[in-house]
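Engineer: Keeping their order, the protein sequence lines are chains E and D. According to the working numbering, the residues represented by the first sequence are 1 to 116, in order. According to the working numbering, the residues represented by the second sequence are 1 to 116, in order.
By construction, these hints were calculated from the structure, which means they are not laboratory data. Given the structure is predicted, the values throughout are model-derived calculations rather than measurements. We put the beta carbon where it would ideally sit given N, CA and C, even for glycine. Check each hint, because a few of them may be wrong.
Label pairs and their computed distance ranges (CB to CB) [to be verified]:
#1 Pro-38/D / Ala-76/E: 29 to 39 Å
#2 Glu-75/D / Gly-25/E: 28 to 38 Å
#3 Val-20/D / Asp-56/E: 20 to 30 Å
#4 Ala-112/D / Pro-38/E: 14 to 24 Å
#5 Ser-61/D / Arg-50/E: 20 to 30 Å
Protein chains: 2
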Amino acid sequence: MKDGDCLFCKIIAEEIPADVIFDRGGVIAFRDVNPQAPLHALVVPKDHVRDAAAVDASHGSLLVELIGAANEIAEADGVDASGYRLVLNVGADAGQTVFHLHLHVIGGRPMAWPPG
Amino acid sequence: MKDGDCLFCKIIAEEIPADVIFDRGGVIAFRDVNPQAPLHALVVPKDHVRDAAAVDASHGSLLVELIGAANEIAEADGVDASGYRLVLNVGADAGQTVFHLHLHVIGGRPMAWPPG
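Sequences are here, hints too, so could you generate the full structure?
Structural biologist: Structure representation (structure tokens):
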């Protein structure tokens with residue numbers, strides 16, 4: 001299912017370019033255009049899911065794929081031992097700007113607390 | 001499976017008190033003792049899983065439960081419309097201090113970017 005007005009659906013459809021670093025099964029990942037750390041990638045389901053609030057019982061294997069991809073990307077970028085942060089934003093207070101579920105994978109530097 | 005030296009396993013076993021706000025199926029949630037926002041809860045699997053890096057194909061329904069619990073907590077605390085951030089920390093750079101998978105649910109105020 002695609003949403004014709006969705007930026008990430010357009011990236012998945014290769015209508016808009018992105019620095020894709022992972023593409024397998026139901027997920028794709030690409031580097032954030034405004035990286036906040038040496039590693040900053042977005043792992044995204046190929047089917048349009050609005051956000052984490054829209055996750056339901058049908059999404060189990062998709063969630064495994066999303067986190068598995070994040071772990072593989074962290075390893076490929078050499079931050080699996082130093083650590084990384086996974087972030088899902090829901091709504092305005094969290095700064096969500098694209099309404100297509102995306103897991104931020106951030107690593108390669110020490111991160112502060114709170115997480116924003 | 002419990003890990004006898006794990007703080008969160010002790011909370012789950014009720015050996016250490018916590019402000020538990022959700023307990024259903026395979027997950028429990030309690031408020032963070034050092035809250036970083038009006039809502040700051042930790043959603044935790046009852047079985048000991050080290051962190052997101054240890055997630056495998058067997059964890060699909062657990063991940064659905066974790067995110068579903070986070071969504072319910074956000075709604076119960078009245079931040080489902082204003083937004084919330086979900087965070088998983090892996091390793092030292094992310095500041096992981098308890099090595100039992102926990103999903104931070106943070107809301108009730110605008111959050112900054114980057115997320116730490």
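Engineer: A separate judgement is required for each hint: does it hold in the structure or not?
Structural biologist: Hints and how they fare:
Against the hinted window of 29 to 39 Å, the Cβ-Cβ separation of Pro-38/D and Ala-76/E comes to about 37 Å, which satisfies the hint. Under the hint 28 to 38 Å, the C-beta atoms of Glu-75/D and Gly-25/E, about 31 Å apart, fit the expected range. A hinted range of 20 to 30 Å for the beta carbons of Val-20/D and Asp-56/E is consistent with their spacing of about 24 Å. For the pair Ala-112/D and Pro-38/E, the beta carbons lie near 20 Å from each other, so the given range of 14 to 24 Å is met.
Checked against the hint of 20 to 30 Å, the C-beta distance between Ser-61/D and Arg-50/E comes to roughly 21 Å, which is consistent with it.
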